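Please model the complete structure; the sequences and the hints are all you need to start from.
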Amino acid sequence: MTKHFQRSALDRRQLLKGLGAASLLPLIGGVTPFTIGSQHAGQVVVVGGGFGGATAARYLKRANPAIEVILIEPAEIFYTGPFSNLHLAGLRSMDAISQGYDALQDRHGVRVIHARVEDVDAAAHTVRLSTGRELDYDRLILSPGIDIRWNALEGYDEEAADKAPHAWKAGAQTELLRSQLLGMEDGGSFVLVAPANPFRCPSAPYERASLVANFLTQYKPKSKVLILDAKDSFSKQALFMEGWEQLYGDRIEWVGLSGDGRVTRVDADRLEVETESGIVHQADVLNVIPPQKAGSIAERAGVTDDSGWVPVKPETFESQQVEDVFVIGDAAIADPMPKSGFCASAQAKVVAAAIAASLESRPAPEAYWTSASYSLVGPAYGISEAGVYRIQDGNIAEVEGAGGLSPLDAPEATRALEAEYAVGWYNAICQDTWGTQP
Amino acid sequence: MKRILHMAASALLGALPLSGVALQCLAEDTFSSEQTALMAGSCANCHGTDGRLVGSVPTIAGRPAAVLEARLLAFKRDEVGDATIMDRIAKGFTDAELAALASHFSAIDPQADDATDTEQEPQE
Numbered sequence: 001m002t003k004h005f006q007r008s009a010l011d012r013r014q015l016l017k018g019l020g021a022a023s024l025l026p027l028i029g030g031v032t033p034f035t036i037g038s039q040h041a042g043q044v045v046v047v048g049g050g051f052g053g054a055t056a057a058r059y060l061k062r063a064n065p066a067i068e069v070i071l072i073e074p075a076e077i078f079y080t081g082p083f084s085n086l087h088l089a090g091l092r093s094m095d096a097i098s099q100g101y102d103a104l105q106d107r108h109g110v111r112v113i114h115a116r117v118e119d120v121d122a123a124a125h126t127v128r129l130s131t132g133r134e135l136d137y138d139r140l141i142l143s144p145g146i147d148i149r150w151n152a153l154e155g156y157d158e159e160a161a162d163k164a165p166h167a168w169k170a171g172a173q174t175e176l177l178r179s180q181l182l183g184m185e186d187g188g189s190f191v192l193v194a195p196a197n198p199f200r201c202p203s204a205p206y207e208r209a210s211l212v213a214n215f216l217t218q219y220k221p222k223s224k225v226l227i228l229d230a231k232d233s234f235s236k237q238a239l240f241m242e243g244w245e246q247l248y249g250d251r252i253e254w255v256g257l258s259g260d261g262r263v264t265r266v267d268a269d270r271l272e273v274e275t276e277s278g279i280v281h282q283a284d285v286l287n288v289i290p291p292q293k294a295g296s297i298a299e300r301a302g303v304t305d306d307s308g309w310v311p312v313k314p315e316t317f318e319s320q321q322v323e324d325v326f327v328i329g330d331a332a333i334a335d336p337m338p339k340s341g342f343c344a345s346a347q348a349k350v351v352a353a354a355i356a357a358s359l360e361s362r363p364a365p366e367a368y369w370t371s372a373s374y375s376l377v378g379p380a381y382g383i384s385e386a387g388v389y390r391i392q393d394g395n396i397a398e399v400e401g402a403g404g405l406s407p408l409d410a411p412e413a414t415r416a417l418e419a420e421y422a423v424g425w426y427n428a429i430c431q432d433t434w435g436t437q438p
Numbered sequence: 001m002k003r004i005l006h007m008a009a010s011a012l013l014g015a016l017p018l019s020g021v022a023l024q025c026l027a028e029d030t031f032s033s034e035q036t037a038l039m040a041g042s043c044a045n046c047h048g049t050d051g052r053l054v055g056s057v058p059t060i061a062g063r064p065a066a067v068l069e070a071r072l073l074a075f076k077r078d079e080v081g082d083a084t085i086m087d088r089i090a091k092g093f094t095d096a097e098l099a100a101l102a103s104h105f106s107a108i109d110p111q112a113d114d115a116t117d118t119e120q121e122p123q124e
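If you're matching them up, the sequences are chains A and B in order.
Residue 1 is where the first sequence starts when you use the UniProt record's numbering, and the numbers rise one by one after that.
Residue 1 is where the second sequence starts when you use the UniProt record's numbering, and the numbers rise one by one after that.
Be aware that a few hints might be false.
Claimed, not checked - To give an idea of the interface, some chain A residues facing chain B are shown, with a C-beta separation under 8 Å as derived from the structure:
hint	residue
1	Thr370
2	Thr414
3	Trp425
Bear in mind the hints are in silico, worked out from the structure with no lab data behind them.
Keep in mind it's a predicted model, so treat the numbers as computed, not measured.
For glycine and all other residues, C-beta sits at the position ideal for the given N, C-alpha and C.
In structure tokens, the structure reads:
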């Protein structure tokens, strides 16, 4: 690697004029010309092109355009977890939950490489890509999202997910679950297995149950939704339950941990699940949201702890275990912030500012994070939870008196307005993350 | 007493045409631009980059600082009748921080292009 290979912008422009970019490339193609044309302010490699990684890449360039920012993401099309439940319910196309990387690359100065990161060498400050290529970094940001803990729930392995989809990473799994729902006989039972905390997007299983119920009400009105839950309470519980009763009557049944809701075994071939006390529930469509952990590259980079998640320094989200490696989004332990796209984005902005400052040997600005989590109980029935977070006594803490839930017993107009704002939020965060126009 | 004094000061400022300028000076004295930009970062998640997005969520870029500040303070004090989420968020910030945010967004051109001003490199 020739990280410090540099040429002045003027030289480069003259060269380009004389030769044309295409003929110039073979001359320098072998030496990774990432730093040509800019004052070298440091190279940051960002792994993962979701809400955390893409936002971090974009906001690093905003903080200092002279920083070389390389975003590594295997997929050319990213399907967002948020609003994938709308696709399940037939209310949004896959296209309308897809994002690309052209704007980041063409308009925002981020270099995007579609590859997988195979390994991190923290001592050498390099990452190795699936293409065999090695990249140097001054700072590394990992935003790898989640991976499934296969077999942590008995019987639930990768093969089982082809029959009983998790649909917890949007894309092919979302489409599979949608097709199963479409094919289900009226009078069937949609069984959703919900995990214990922590997991990606704490309110999403319950939004999913809601929107599936919405679909069933319209198209398969004799069918039911059964949620078997490994915990006794869940995100926005009272609001969801109020909404379920209003919109769906008794179509959705929720069974918590103490009601024998914890599933201990999955038989994907027979679409059966068994609970702690040995009761077997038969599903017609079985959606297993299994236990999760930080995306696997975090483990390879040596930043995870025994929990499978990543402890970080609260002020900067730098790994507690490996210097110059920053971890954001679902993979990081950031309690009391939830694991959500919104929080990944908020963390990305704090990390971008901290890294831009540290590359210039300035102290990081004080961290602020805000969270707004919208859920749709129905297409015109939105609820939300907000939080404002700061550092208190060295830890991330919720600002007292701020944040909290939408009120119970709110008028229909408030729910409709929050559903509208949910769509506004989705458009805004996608625009802010990938630089695309809604 | 402090609160009453503050309300009186707000009322006074609100009545003055110079209030926007005065607030901006106060904000600049209190927070660095980098600090304010970071504080404003999460706003983009609903209002778009730099608060410029036009949609169901109101655009905040380029609105007068005094208007934005009054609105934020009203959210914080539960004085907005049809508030949904901003009342819960505004309570997480001090009055001085809300003033700095108001001044930050008022200074943004709502029509500006959001591309980072960087020289483009040859494609991979």
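Practice prompt. With a cut-off of 8 Å on the beta carbons, see whether A/Thr370 makes it to chain B.
Written response: This hint holds: A/Thr370 lies near chain B, its Cβ roughly 4 Å from the closest one there, short of 8 Å.
Fill in: Agreement of hint A/Trp425 with chain B interface, Cβ distance less than 8 Å
holds (5 Å)
Discussion item. For the restraint on A/Thr414, tell me whether the closest CB of chain B is nearer than 8 Å.
Written reply: A/Thr414 check passes; min Cβ-Cβ to chain B is 6 Å, inside 8 Å.
In this structure, every one of the numbered hints holds.
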